[in-house]
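Undergrad: Protein sequence lines correspond, in order, to chains A and B. According to the working numbering, the first sequence is numbered sequentially starting from 121. According to the working numbering, the second sequence is numbered sequentially starting from 31.
Hints were generated in silico from the structure; no laboratory data involved. Predicted model, so just to flag it, every value in this text is computed and none were measured. Relax, there's no trap hidden among the hints.
Mimicking DSS-like on lysine-lysine, the simulated pairs with C-alpha atoms at most 25 Å apart in a straight line are:
#1 A/LYS127 <-> A/LYS228
#2 A/LYS186 <-> A/LYS161
#3 B/LYS56 <-> A/LYS201
#4 A/LYS189 <-> A/LYS127
#5 B/LYS75 <-> A/LYS186
#6 A/LYS186 <-> A/LYS127
Covered by chain B, according to a simulated footprint, are these stretches of chain A (three or more residues, beta-carbon under 8 Å):
#7 139 to 147
#8 176 to 182
#9 185 to 192
#10 196 to 209
Quick list of simulated restraints, FRET-style, between CB atoms:
#11 A/ASP221 <-> B/VAL151: 42 to 48 Å
#12 B/ALA113 <-> A/SER130: 35 to 41 Å
#13 B/ASP114 <-> A/GLY159: 33 to 39 Å
C-beta atoms are modelled at their ideal positions from N, C-alpha and C, and glycine is treated no differently.
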Amino acid sequence: MEIQVRKEGSATIVAVSGKMDAVTAPDYEQRLRELLDQGAKTFVNDFSNLVYISSAGLRSILATAKALKSQDGALLFAGIKGPVKDVFEISGFGSLFQLHDTLDSALKSIG
Amino acid sequence: MEARIENLPAILRFAVDCADRLSWAKNRLANIELVIEEAVVNVCKYAYPEGDGAIEVSCHGDQNGLRIRITDTGQPFDLLSVADPDMNADVEERQIGGLGCFLIRTLADDVTCRREGNQNVLELTFLPGKKKADHADGG
Numbered sequence: 121m122e123i124q125v126r127k128e129g130s131a132t133i134v135a136v137s138g139k140m141d142a143v144t145a146p147d148y149e150q151r152l153r154e155l156l157d158q159g160a161k162t163f164v165n166d167f168s169n170l171v172y173i174s175s176a177g178l179r180s181i182l183a184t185a186k187a188l189k190s191q192d193g194a195l196l197f198a199g200i201k202g203p204v205k206d207v208f209e210i211s212g213f214g215s216l217f218q219l220h221d222t223l224d225s226a227l228k229s230i231g
Numbered sequence: 031m032e033a034r035i036e037n038l039p040a041i042l043r044f045a046v047d048c049a050d051r052l053s054w055a056k057n058r059l060a061n062i063e064l065v066i067e068e069a070v071v072n073v074c075k076y077a078y079p080e081g082d083g084a085i086e087v088s089c090h091g092d093q094n095g096l097r098i099r100i101t102d103t104g105q106p107f108d109l110l111s112v113a114d115p116d117m118n119a120d121v122e123e124r125q126i127g128g129l130g131c132f133l134i135r136t137l138a139d140d141v142t143c144r145r146e147g148n149q150n151v152l153e154l155t156f157l158p159g160k161k162k163a164d165h166a167d168g169g
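Next up, chain A with everything else stripped away, as it sits in the complex (with noise of 0.2 Å):
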């Protein structure tokens, strides 16, 4: 798993790609809690190119999801596709966050 991150405007971009699984999910989750240490409280998650998610992966969305939540945060996914967007919404994901096919749409989302 990969993440790369970046600014536009308000929104943090996180850019995360390959496998969210077991191995992996602590350190989105420890990367974004930095971040929402560092005051990032948009966060738009691109997971175009993220081709597989456990839930351990769900579990580290969850528990950002909620630290947001307590500060008035905003978390929202574009792009997700293929077994990652079948796991979302197996497990309802996909009623509990903003989903976007793609970034653009999920930016002007934000204003």
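Using the hints, position chain B against chain A.
TA: Just chain B now, kept in the frame of chain A:
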């Protein structure tokens, strides 16, 4: 093999190589990999609270399907008894646990879980042909 998270990639490689020989659809293989990860992680995290222990994974695939058997000698555990997560809960209310067992039960065609002597025996079966979740990526 020792039931440790750092051994997960090696266990998954073994199981995915076995499943790959059946030439099933790519999404199906991803789901199989996911189910096996969830089952192995359960053993690594919960079977041996007081130290290390072993996990054994065996795999058999033919025209009738793929059967994965995972055994450990840790504390008794029946993943079929774990409650489903509350799908209607919002972010604040949603519980963090229970998702792994739910994914196993949802994505495998058959799951049996039993105690044999001092062993937990989990058998996962995947039948040939598509499950609903295998083609849910159309929109």
